[in-house]
Every structure is written in C-alpha cells, then in structure tokens.
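> Chain residues, written in single-letter form:
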Amino acid sequence: MMSGTIVIKNGYVFDPLNEVNGDKMDIFIKDGKVVKELSGSEMKDAKEIDANGKTVMPGGVDSHSHIAGAKVNVGRMMRPEDSYKWARGKTPLTHSGSGYTVPSVYMEGYEYSQMGYTTVFEAAVPPMEARHTHEEMRSIPMLDMGGYLVLGNNWFMMRYLKDGDIDRAAAYVAWMMRTHKTYGIKCVNPAGVENWGWGKNISSLDETNIHFEITPREIIDGLTEINEMLGMPMSMHLHANNLGHPGCFETTKESLKLSRSVKAKQNMGVEWADTKMDLKRDQSVYLTHMQFNAFAGTSWRDFESGVKPLADYINNTDHVVIDSGCVPFGEATCMTGDGPSIHDVAVLTGSKWSNTDVEMECGAGVCPFTYLKSNPVHSTQWAMGLECLLLIDDPWKTIMTTDSPNGGPFTKYPLVMSWLMSEASREQTFSECHKWANDRSTLGGVDREMSMYDIAILTRANTAKTIGMAHRKGSFGAGADGDVTIYDIDPTKVDTRDFDNLIQKFSTAEYTIKDGNVVCHNGEITLVPDRRTYYVDVDVKDADEKDMLKDVQEWFRYYSLGFKHYPTPEKYLVNPTVIKVNAEK
Amino acid sequence: MAEVILTLNTGIDIKVEADLVTPDMFAGKNKSEIESLLVWQGPKQYPLSDFFDVEGEAGSSAEDTSIVVKGDVSRVKRIGEKMTAGKITIEGSVSMHVGTEMEGGEILVKGDADSWAGMEMKGGLLHITGNVKDHVGCAYRGKWLGMSGGRIVIDGNAMNNLGGGISGGEIIVGGNVGHYCGIRKNGGLIVVKGDAIRAVAAEMTAGTMVIGGHIEGFSPGFEYETNESDLTFDDLECPGEYMKFARDYAIAKKPKGIFYVNQDANRDL
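One line per chain: the protein sequences are U and Z, in this order.
First residue of the first sequence? That's 237 in this note's numbering, and the numbers climb one at a time after it.
First residue of the second sequence? That's 1058 in this note's numbering, and the numbers climb one at a time after it.
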C-alpha cells in the first residue's frame, strides 16, 4: 500500500472553501496531497476508508493557542497539581505525558490529534525565547506548526515608529521573522507592556508610554501599515490595550477602527490549492480572544458584556476577523505577554503568579485560574465568548478558540462546539451557572444554532484563510495537504438536544488523517507522522536592511547576549518550511 | 459484611501502586477476579496475586465489602484511594497516600503511615493508630485546597504540613505535629493534643485550630481576643484553659477563623 495515498468514500463532506456543504462525495489523496481523482492502478494501491453516514472535514487548524515556549513551560513548572491527575501512559508508539491546562509537549500533540487537528500555531513568541519555543515545537508530535513574533513593545520597533522610519521598521520586521524563524506579527498591549517595566500600564490609545513617548495608536498604525506593505500571510494579530478591565471594549473598538481604511494585501510566493473561493485573506486586523477585550461596565459590580457593540461594529465592516477566547468553565492557566493584566488577575484571585521582563522586547505573566459556574463574572464571560461567535453574523469573520489555556484548555473545544450548535446545550448551562450570564449578556435571546458547515468554517476554513495557510490547509482543493478529520456523526440526523453525544463525537475523531496517512483512529495514535514548521522569508530592499542592521548592531550592546547568538538556526526546526513573502514586486 | 483478606506474599523493591485495593473496585468480584486486577509497579503492571495471597470474596457492593491487609505493606502505596464505602483494615504499617481522596467508608491502619495520608479527602474515616509523616489531609503540591470532609484520627505524632489548605472535615492528632500545621487553612477543624512547631495555621482564612501543647515559634499575625475554657466540638472534648486568637492578618485582607492555644502550655505567649 502506498503511504500517503488514500480514498475516503461516501462521507458527508464539509469543505467551505469549495462551498461543499454536506454533499456525499469521495476525497482522494495522493502522496499526501489532495487530488481530483486517482487512476485505476493508483486506486488499487490506495488505502480506502468507508465514511458512509459520517462527517468529513479538512483537518482542524488552530490559529491561536499557547502550547510552546517559555511562558507555557513556566506554567508547567508552577503547576505540579495540573499534571497529577491528568496523565497518559507510554505505548510502543507514543511517549507518556501529563498536564490538563499546560500539558507536556508530547501530550499536546496527541490530544490535538485525537480531536482531529493537524495544524496549530503558537500565539506568542518573544524574540529572545524563539529558540526555546522552537525547541518545544520540534518535540510536539502530530502537528504542523508556526509561531507569531511579539513586536508591539519592542524597543527597536518603538524607536523606528516614533521616528516615522517605516522602511527601516519594515526591514527590521523582515529580519526578525527570518532571524527567529517566525510567521506573523503579534502585537500585545502596545506601549503598555513597556510601561509595566516601571510598574505602570496604559489605559487609552493616545497615552504616550515612558521614555519612548509613543502611543498605542502609533504602534498599531505602524505595524498594520508594515504588515500590508510587506504582504504578510496573516493580518496584524492584535491583543488590544486595557484587556481584562471593565470598559475595555471601548478601547478595543477604537483600536479596530485604526485599520478600517487599510487594504489587505497578501503577497506570498506559494503554490495555491485549487478552490472555488478566493483563498486570499480580506482583513487587515485579526483581533484575538475578543471575549477578554470586550468587558463593559466601570467596575466588577456593574460589569457586563460589551460584545454586542463590538459585534455591531464588526458586522458593519469587512476589515476585522476575530477569534473568540471562549470560557468553558473549570481549570485554566492564564498566560500572556500582557504582564500588567496578569498581575491584575493575580491580585484579584490571590493565586500564585509569575512575571517576566524580556529585556528590550516584551514581557509575560502566568497565573492559574478557575472559572466557576457560581461566579457572576466568570458566568458572564462564558456567555460573552459564545456571543463573540454568535452575534457576528458572517462566520467568515470568526474563529473558535479558548485562547488555550487562558479561557480553558483546547481539549474543551468540543464543549464550545456543542454550545454553538445547540440552544438546548446553552439552556442547560444557563440553568447551572450564575444568573449574570443571562442578565449581563444578550446570549439568552440568541436562538442561532450553528451548522456543521459553520463549524468547519470556524475551525478549519477561516482559520487557515485568516493566517494565510489556506494555500495548503483548511480545504479539499486539489493541491492542498491531505489532512482530514472524520467524525462519527451523521450530519443529516444531528439531534442538537443530544449535545452530550456531540461533545463525545467531537472529542474523539473517528479518523485523523495527516498528509494522507491515518495518524489517529478512535482516540488511539496509529502513526507519528512527519510534520513541518512554517516561517516567512520576507524580501526587503538591501539598502534598508543594511541601514537597519547597522542600528540594531549598535543598540545590541544593551542585550544580555551577543549579536551572533541571537538568531535561531534552522537546525532547531523540524522540517523548516519557508514561505516567501513580498517577492512579487 | 463479606471479607477479603490480602496477605503479602513477597518482598517489594519498587513501591507498588495499589489504588485498586478499595471496596469499590473489589465489589462483586470473586477471588480469581480480585487476583487478576492489575497494579502498577514502576513502569509495569502485574496482577495483584503477584504480591498478595487473596482469600474470600467481596460483597455485592462497596458497603458490603471489608478488606483486611496483612503483612508489611510499608512499600504499598495508595491503598483505599477514592473509596466511597466499606472498610479497609491494614494490620501493620502502610506506605504513602493511604486514603487519598477517599469519599466514604472507613480505613483503619494498625501501625504507621507514610506521607500524604488522606490527601484531599472528601469524606469517611481514616484512623491511624501509629505515627504519620508529612502532608496528612493536605492539598497536593501546588494546590491550595486540601481535605474538604470526613475525619482523620492519628493516635501518634504527625510531621509537617498536616492539614495544609484544609477546607472542611476534621483532623485529630493525639501526639505532636511538626512545622506548618494547618497552613492556608480555609475551613474545617484541626485538634492537636500535643506540641507544634512554628507557622501553625499561618495564612488561615477560616475554620478552627486547637493546639493543646506548646507552640515553638507562634505565628505573629494573630490577634488575641479572649480566654475560653473546656472546649467541646461535637463528640470531642479539649479540657483546660485556652487563649482564643482570631484571624491571621499577615496575608489575607479579610481573614476569619479561630485559633485556640492551651494557656498552661504556652505561658511564653
């Protein structure tokens, strides 16, 4: 039998990028890539799976999850209790592992694969921790990966943007992506994290920060402009200011408005899968964990959901895509580059807390958290996460996440899917949690129930499209990677009142197929496949790069490590896969 | 009540994880079914009969099942873990985690127990006639919520971190305790008839603590309220004159909880 060649027969296929909505059809994969058909002799050598009466989707793609790097590891170290009761044994094929909200690297790969995911992007890579992040990513089995570089409080970046030197700033971004083998621009609490070095934060878009005297507005503007100037695969990935504070939705709305007139301009030298829909991204800003950025009210006493006004704004424009940051209740570990917001969480809960200042680049914090159904604020947050996905009408503007492990671990995605698909499931949770969930949000009045097609958009098609991976992920277009999830769900007979069954079926895919090979079958890992790490190689003018490098080398004396030790060599990556950017002039 | 007798039949090098030795797991099983239950030893699993001779058979439910463990099981861990009913009698000393997370029923240890006895226990009775080591009724490392219900009785002494993070239930120690007794206590009752060493009830936010002996290094954050004599807590009596302290102000903003200290044994306070 040929490795990577497989036919999936008679399944109900959900492939939104090809506008296939539950049609009964066969999927052919040859040598790891989707093809239109196989020849008679190829069919003889191909593995065949009968998916009659089952749901077939492209492999799951997670565009925002914290699963590799320094802060994840700090979470593991400070939470022995997280591992004690959640462990898996070694098998002839797999490693042992442990951890519920912050699993060990092997466990992360296996658990994602069991749910049908094949691609996951790490949400925040501090430049100085890139090497550590890659060391973890190369140990995470089962998944294609990449990471976003944290640049919103970087000293060089802030200096260039303050001086209005966009060309050198762009050259710096390009050089940093190549140096750290990363994929996109992440901007966390711009200007505010730098202030946290002095025990302060920033609370509005026009407040200047200490020393650099730059405002969040200038940083967001600058990074968005550079992002589209270079033609990056994904939009600028924004974690807005003021996160986690009552009233922050206003700041978020102002921040989103900044990129309203910016046109998305992807410029990638890649082979595109053949699909019905245009695979190029439409949006110029990708707002992450919207729920945490959508708090309304003025204090915890009059706290309420601010999702509605944000959703209204997003419904009336076309430049924003969001991921939700849902809260499925239970154990979580808050971790973010937004140091001051994590400090607030630690003070609020009295929980243990870790804080890091990453020299001239950024910061981070970690704090365990338990979301309780009895707690009014937590219950409202549960409702808000779902509002983010249900109040925004066009599913192509939304992505389902839990900001894992901030709202809860990624293993709870099936629970979130059940709430999206079933009003009965939401009613059940309303009846178990604090009444604020109903009183302080609009979720109770929402009767929308998502279809399988919507779920495929939120967890595959739009995730891939948003981060610029749709050329090979998230569809069954010819030329796409042969990644498939088969759920044992008959989509023609879904009973949304039987949501426990949905949760169970989404938790354990019947088959997870990666590059045309079955890697997981009914929860059991059957093959540890090859995988790739994606990063961008951005072309900029030689002269700009030369000028920029002169500056960087001069300023580098303030770093605690030597310039030549700064880059992460390719040998730290498993199957480094370069995406050429800005090559077409 | 049907009785199953387990008699150790071998020496043990790597400690055995016997979390399957509970009335819940044995219930409804005959001798050979019990013999073939698999327990972990290091990275491998073996049938229970590799370590124990089994006599008798279990009752139809956990309530109807009594287990008697004979021989030196001081290298057998996790006996009675998560049990909900029935009885276990251990005729000798036992290793770590006896009665960890137990929810009901009764465990009697006729000897000493190692650390983590009754860790995060939720209900039932754990009675140890000898001494115990650290972390009795405590939260697991990194966690702040320990025992939440049930009763632990220790006739001898206990070492450090007894009742760490306890939020409910009772621990009664006949002898002395080591350091950090009742640290981060947020509920429940701890009564120590003997002496204690430093940081007793430190960071307490709720619950009741009684020390009948001398405290070496009394925590400075407590506020003296009044004297009370001859304390009683349901079936438990603590005769003598006690100084009543309240609230450790060292950390918590709004602390609660009561801390009784025997006056005669602590004239230095």
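Source of the hints: derived by calculation from the structure; they are not laboratory data.
Backbone N, C-alpha and C define an ideal beta-carbon position, used for all residues, glycine too.
Do not rely on the hints blindly, as some may be mistaken.
[What the hints assert, rightly or not] Calculated pairs, DSS-like style, for lysine-lysine (alpha carbon to alpha carbon, straight line, at most 27 Å):
| no. | chain 1 | residue 1 | chain 2 | residue 2 |
| --- | --- | --- | --- | --- |
| 1 | U | K609 | U | K260 |
| 2 | Z | K1139 | Z | K1072 |
| 3 | U | K588 | Z | K1072 |
| 4 | Z | K1190 | U | K609 |
| 5 | U | K588 | Z | K1179 |
| 6 | U | K800 | Z | K1072 |
[Unchecked claim] Computed spacing ranges between beta-carbons, pair by pair:
| no. | chain 1 | residue 1 | chain 2 | residue 2 | range |
| --- | --- | --- | --- | --- | --- |
| 7 | U | G325 | Z | K1139 | 16 to 22 Å |
| 8 | Z | E1060 | U | K729 | 33 to 39 Å |
| 9 | U | M313 | Z | G1068 | 34 to 40 Å |
| 10 | U | S610 | Z | K1139 | 56 to 62 Å |
> Run the structure past the numbered hints and jot down the numbers of the failing ones, going up.
1, 3, 4, 6, 8 and 10
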